[in-house]
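Visitor: Protein chains in written order, with the numbering used here: chain W, 1 to 162; chain Y, 1 to 152.
Treat the hints with care, as some may be off.
[Said to hold, decoys possible] Using 30 Å as the maximum straight-line C-alpha spacing, the simulated BS3-like pairs for lysine-lysine come out as follows:
(1) 73/W x 90/Y
(2) 82/Y x 31/W
(3) 82/Y x 16/Y
(4) 97/W x 82/Y
Just so you know, these hints were derived from the structure itself, not from any lab.
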Amino acid sequence: MSAQNYIRNRWYEDIPLGEFHVFGSHTFSEKECIDFAQKYAPEYFHTSPEMAFDSPYRGLVVSEWHLVSIWMKLMVSYMERFSTGVRDGRRNGAGVKVMNMVWHYPVRPGHTLTYTYEIVEKIDSRVRDKWSILRSRNEAFNQNNELVFSFEVDILAERKPS
Amino acid sequence: MKYWEQLPDTLEFTSKPVELSKADILEFATEFDPQPYHLDDAAADASIFGGLCASGWQISAIALRQLSDSLANRQIPLLGIKQTSSLVWKKPVFAGDTLTCKIALNDLQPSQGQLNWGTIDCVIEMSNQHQKIVLNMNSTLAIAQTPKGHAQ
Chain W
1 MSAQNYIRNR
11 WYEDIPLGEF
21 HVFGSHTFSE
31 KECIDFAQKY
41 APEYFHTSPE
51 MAFDSPYRGL
61 VVSEWHLVSI
71 WMKLMVSYME
81 RFSTGVRDGR
91 RNGAGVKVMN
101 MVWHYPVRPG
111 HTLTYTYEIV
121 EKIDSRVRDK
131 WSILRSRNEA
141 FNQNNELVFS
151 FEVDILAERK
161 PS
Chain Y
1 MKYWEQLPDT
11 LEFTSKPVEL
21 SKADILEFAT
31 EFDPQPYHLD
41 DAAADASIFG
51 GLCASGWQIS
61 AIALRQLSDS
71 LANRQIPLLG
81 IKQTSSLVWK
91 KPVFAGDTLT
101 CKIALNDLQP
111 SQGQLNWGTI
121 DCVIEMSNQH
131 QKIVLNMNST
141 LAIAQTPKGH
151 AQ
């Protein structure tokens, strides 16, 4: 993956439909799962290993929005890694809308997810004259290569100045 | 507990308000969404948002916390989110904003699988202190059914 392939250092027009990236992996520790859940999803099967054992999940599970937040963290890290040298104010990536977010299987502490995205649509209509929309399909797979989480998101991408 | 079988077809309520501080915004953004418009005042002023604003993922996480608390207060046993069919950020959220969710539940459906739960659709509309909508989120929730062997 070369720097030229990164989203943030290219104009909307230069990012091809169908571009596919494997952009990061993350192993969820029990402590970080509990910490996140205590703030945002305090159900007992996210916060108490003992009580979770008697839940329908038969053990602790990672909260849905934690999976989403790690997606964002890995995406930003990936974008920054490949944007070195861009200092002209282009800031692709602000999210507008999310669609079809589905959690297919529970994720547990100790599991490792690998996140991917593919550009599936380019929407040419202008947002405030300067931006258009890139739609990506995002997926996360666990260590057994099972799809556990997927969604589409629309982000703003800056158009080449005319 | 008010299990899935005991829920009415529709249920509407309003969450408690939550005020978001600059420290809250910086804390979440530093860990999960370290982009300039969530971390740096000058960069944020020059951005499409026009000022330092919260990560959209933090706003949606807060909406889900408000949902979680509202259900817990009503003794409705939430077992997770099955899907979010749409999530739209309508306006940026800035430090000092106070956020309140209107939550509507409807369309009870039995679970397709073996697990002891049913689903209900959930529509969340989050507004700021100026009564402007900042977020719309449509999800399907899993709600626990009466445990097997439990006296009805």
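Visitor: The structure should be examined with respect to each hint, and the outcome stated for every one.
Guide: Evaluated hints:
1. 73/W x 90/Y: holds (22 Å)
2. 82/Y x 31/W: holds (24 Å)
3. 82/Y x 16/Y: holds (24 Å)
4. 97/W x 82/Y: holds (18 Å)
Every hint, counting from the list given before, is met by this structure.
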